[in-house]
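Letter by letter, the chains look like this.
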Amino acid sequence: MKDSITFTNQLTFFQKLRSFDYTLLTCIMLIGIIGILSMYSTDGGEILYHTKNHTLRFCIFFTMMIIISFINIRIWHNLSYIFYFVTLLLLVWASFYGITASGSQRWINLYFINLQPSELMKIAIIACFAKYYHRAQIQNVSKITNILVPIIVLILPTFLVISQPDLGTSILIALSGIIVLWLSGVNIKYFFYSFILFIISAPFIISFLKPYQKLRILTFFDPDKDPLGAGYQIIQSKIAVGSGGLTGKGFLKGTQGYLEFLPEKHTDFIFTLYSEEFGFLGSLILLILYAILIFRVIRIGSLSRSFFSKIFCYGFGSAIFLYIAVNMSMVLGLLPIVGSPLPIMSYGGSSMLATMIGFGIVMSSKIYSREQIS
Amino acid sequence: MINDDRSLGFNKLKTVNRRMFIFSAAKAVVFLGIVGRLFSLQISENKKYLTLSDKNRLRETRLPPVRGEFKDYFGKTIAGNLKVYQLHVVPEQVEDFRRLIVRLKDILNFDNEKLSKLVKQKNSQKPWETLVVSENLSWGQFSKINFHLHELPGAKPVISVGRSYPFGEVYTHVLGYVSQASSKDILNNEIIKDRNVPGLRVGKSGLEKNFEKELIGTNGVQRYEVNAFGKRINQIDFKEGNKGKTINLTIDTEIQKLTSELLRDKAGSISIMDIYTGEIIAMNSSPSFDPNLFLYGIDNNLWNQIKKDPLKPLVNKTLSGLYSPGSTIKPIVALSALENDVIRANMRVECRGKVEMYDQKYHCWKKKGHGVMSLKNAIKQSCDIYFYELARLLGVDRLNLTAEKFGLGKQVLGQYFLNEKKGIVPSTKWKKENLGQNWYLGETFITGIGQGYIQTNPLQLCLMTAQLANGGYKIYPKLRVDENQNSYEKIRQIMRENELDAKKKDNALIKATEEFLKPGIKEYEPLYRNPENVKFVLDAMFKSTNEIYGTAYSSRIEDPKYQFAGKTGTSQVKRITEEERELDLDISQIPYRNRDHAWFIAFGPYKNPRYAMSILVEHGGSGSKAAAPLAKKLMKAVIDRHQERINKKTTLI
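Protein chains in written order, with the numbering used here: chain A, 27 to 400; chain B, 24 to 676.
Just so you know, the hints here were simulated from the structure itself, not pulled from any lab data. A hint or two may mislead.
Selected chain A positions facing chain B (Cβ under 10 angstroms, derived; list incomplete) [as the list claims (entries may be wrong)]:
| hint | residue |
| --- | --- |
| 1 | Tyr159 |
| 2 | Gln163 |
| 3 | Val267 |
| 4 | Gly305 |
| 5 | Ser309 |
| 6 | Leu313 |
| 7 | Ile324 |
| 8 | Ser355 |
From a predicted model like this one, the values you see are computed outputs, not experimental measurements. By construction, the Cβ of each residue, glycine as well, lies at the ideal position given by its N, Cα and C atoms.
Put together the whole structure using the sequences plus the hints.
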């Protein structure tokens with residue numbers, strides 16, 4: 027045991043380099059390139075603001091991911107709670123001094139970047155829970171005191187984010203947390219009870235929603251009721267995807283996006299634009315890339331020795347899956363429109379930063395997979 | 024606490040891995056669901072969404088069709104299309120609309136009213152919709168705009184197509200005019216509804232309206248790609264429309280212009296017809312108005328002025344004006360009497376200026392009386408007393424049959440004009456049916472001199488004259504050049520054959536009007552019973568113009584090339600009282616409204632007649648003074664143009 031610790035501590039640079047998961051790295055690169063090309067298309071086939079920024083961010087954060095992965099997983103384990111608390115403080119900060127845009131106060135001006143702490147929280151909550159359950163004994167996991175702490179840890183940021191208001195991100199944070207709780211072995215009955223509780227309290231929750239949020243949920247059930255108002259996004263997105271056909275309209279030849287019919291085409295609806303131009307086959311390839319990515323993340327988790335790495339990888343893999351599923355279902359008209367970016371592809375610095383931190387920790391788990399964390 | 028309890032750690036590992044496995048299975052299902060959704064949208068329903076996407080991005084603009092032209096007999100354009108210089112502004116492409124419009128105001132000299140109208144219009148439409156600042160700029164204004172264009176960002180000088188009537192008011196009553204299509208036009212005419220675009224101009228009256236279907240042409244189509252805000256991005260497709268059909272008329276612009284000149288400052292009408300082909304050489308009604316005024320919406324004051332003009336420029340007097348024919352009916356009365364064997368041509372009646380019949384006094388126009396008159400002399404000198412007697416012997420019903428045969432009381436050009444009136448040729452039956460009263464004999468007398476119930480329009484009298492002048496054969500008046508038109512020689516031949524044929528079948532050549540008017544009659548059917556009777560009447564008309572004491576003697580032309588025959592008419596517009604008769608006022612002393620209408624019907628050249636005409640001068644006084652002199656000038660011009668017309672015909676064939 028001791029040997030292995032000393033051994034891993036003394037990993038040389040080349041050993042680290044060799045133990046990278048290159049499949050995962052390739053997938054990230056490919057999806058990143060697809061994202062940049064899509065961004066280029068939203069700019070109308072020119073290298074403009076969005077393309078430049080997106081490429082720059084991808085390069086910076088990709089490098090950052092590599093750096094993170096070289097750092098021992100123990101350090102990330104030790105930093106997890108601090109990461110969570112700092113992010114929580116940033117959320118509080120944002121709710122007081124944040125920048126308001128399109129009716130929501132969710133950004134902090136850091137001069138070189140407008141940071142959206144709620145995006146970071148998506149990762150922080152996973153890291154925090156991973157550390158918490160790394161230490162918890164299996165027989166204690168379902169004790170009521172051991173349940174209450176994580177619930178408070180989960181409810182605090184969710185509440186802060188929902189009051190920004192940002193329904194989409196808060197749901198994603200809550201769901202990622204719940205998934206980690208489930209993966210960590212919390213007794214199934216708690217999930218069952220809380221589900222019942224949720225159903226009962228749903229009408230009350232809905233009454234607290236902003237009118238526009240309510241409208242979005244209502245129009246999801248009947249988008250044709252108000253085709254130029256709230257249902258417009260769903261209808262136009264479906265038209266764009268549907269008109270793509272098997273092979274798509276061709277790169278830079280999508281009309282829906284180019285002619286401004288697509289709302290938020292850089293961010294939440296980037297998949298719609300991609301799908302219009304590259305069709306069913308293109309979308310399938312993208313989905314397969316994402317599937318491989320998730321599979322590799324989970325595989326790294328399963329090969330890791332420490333529970334922190336394991337739970338983080340499982341949790342992060344599941345969260346990535348969740349983001350993709352929610353985003354795609356949303357643009358394909360299967361879920362109501364709630365703001366949720368597509369990992370790596372969507373325009374947005376904080377989302378990219380959070381995702382890359384996540385991949386960095388995953389990659390660090392891979393490199394230090396034999397590491398035991400006390 | 025590095026995994027001191029191995030079994031517990033193992034347990035935990037098992038739970039975590041198991042749950043991850045379950046969750047992964049769920050993930051696979053969700054991914055498959057997304058793939059399924061993509062499949063249904065992109066493969067199964069691809070067509071539907073493709074259509075929706077195209078609908079989203081493509082907008083079709085239909086361009087106004089290019090209207091067909093009107094040409095006169097010699098191919099001269101009488102209603103055409105011309106380049107119109109317009110100024111368009113697309114407000115969204117203008118940085119400072121207010122400044123631009125004020126600058127334009129200086130350059131084009133609008134008034135403030137026009138300025139505020141433009142601003143109002145701009146505010147009522149979408150910013151990318153074209154605002155037509157000026158529909159019709161002069162060349163001077165247009166070049167001025169182009170000169171200042173660098174300081175007018177957003178202003179677009181455009182060359183567009185508009186209607187033009189190069190002869191202005193000369194053709195108004197034939198062609199009518201075009202103007203912006205009204206909702207009524209669109210509702211009533213399917214083809215206008217089909218081709219309608221904003222700014223479409225359609226025929227409002229006359230031939231422009233009648234030939235709308237042929238003239239209108241088809242729309243060009245411009246297909247544009249637009250963005251989500253409806254802004255045009257680029258042109259995908261342009262399909263040019265077909266120009267409307269060109270319509271060739273039988274009218275000779277030179278003669279038409281002359282008729283306009285002859286009727287200048289008068290109210291009246293002139294029609295001229297080829298007595299064999301029925302081609303109308305000229306047809307004019309005065310006063311007229313300039314149809315070009317209606318192209319861009321007429322000014323209200325001007326419109327009211329035209330509408331309220333006592334000489335009624337809006338009425339096409341040739342077709343819609345109904346008048347008592349006066350003495351111009353006498354040839355038909357005489358012919359009817361001869362045809363029905365009521366009298367012999369040598370019957371004599373003494374005219375003493377007036378006659379008393381059935382306790383009612385009837386006057387001749389000549390107070391002193393004509394003395395003893397024969398039929399020929401009575402026509403020549405237009406003796407009323409003779410015709411009272413003639414009408415009494417003939418009876419109104421027999422006169423009605425002959426008059427209808429020769430074209431009175433029926434539409435002449437029925438298919439061309441909506442406003443053509445039928446007029447009235449009275450009969451006992453007509454009076455019973457329409458007024459519910461019995462016919463009085465006194466009414467027969469005045470019908471014999473073309474007064475009373477009888478009403479004709481100028482074109483009917485022209486047709487009547489033409490059908491007498493060609494020897495008494497039915498002809499078919501037309502305004503549009505007919506490619507299959509029989510030649511003059513052919514028509515003469517058919518007439519001759521018809522005459523022989525009729526003679527063979529029934530030596531007496533009797534054919535009742537009823538039978539005659541039945542459809543399916545032979546072309547160029549004889550209208551007479553005995554051709555000699557027609558010749559007799561024509562000879563009387565010749566004398567009326569060319570012999571001393573004839574009513575139109577002063578307007579005669581002695582040169583046999585131009586020599587013509589005619590009959591004057593003076594129709595009363597009100598009953599003349601005994602006092603007025605005593606006063607015998609000069610025309611200038613009578614109020615305009617009460618003056619007689621002056622008529623003249625004529626045909627020429629006498630030796631071998633080819634053209635017939637009718638001239639009306641409303642409230643012009645006597646036919647011999649006001650109408651006949653016009654015929655002298657007109658006949659000369661028409662006959663001078665004859666050779667050219669013949670040449671044109673041969674080149675046409």
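Structure-based check of each hint:
no.	hint	result
1	Tyr159	holds (8 angstroms)
2	Gln163	holds (6 angstroms)
3	Val267	holds (5 angstroms)
4	Gly305	holds (6 angstroms)
5	Ser309	holds (5 angstroms)
6	Leu313	holds (6 angstroms)
7	Ile324	holds (7 angstroms)
8	Ser355	holds (7 angstroms)
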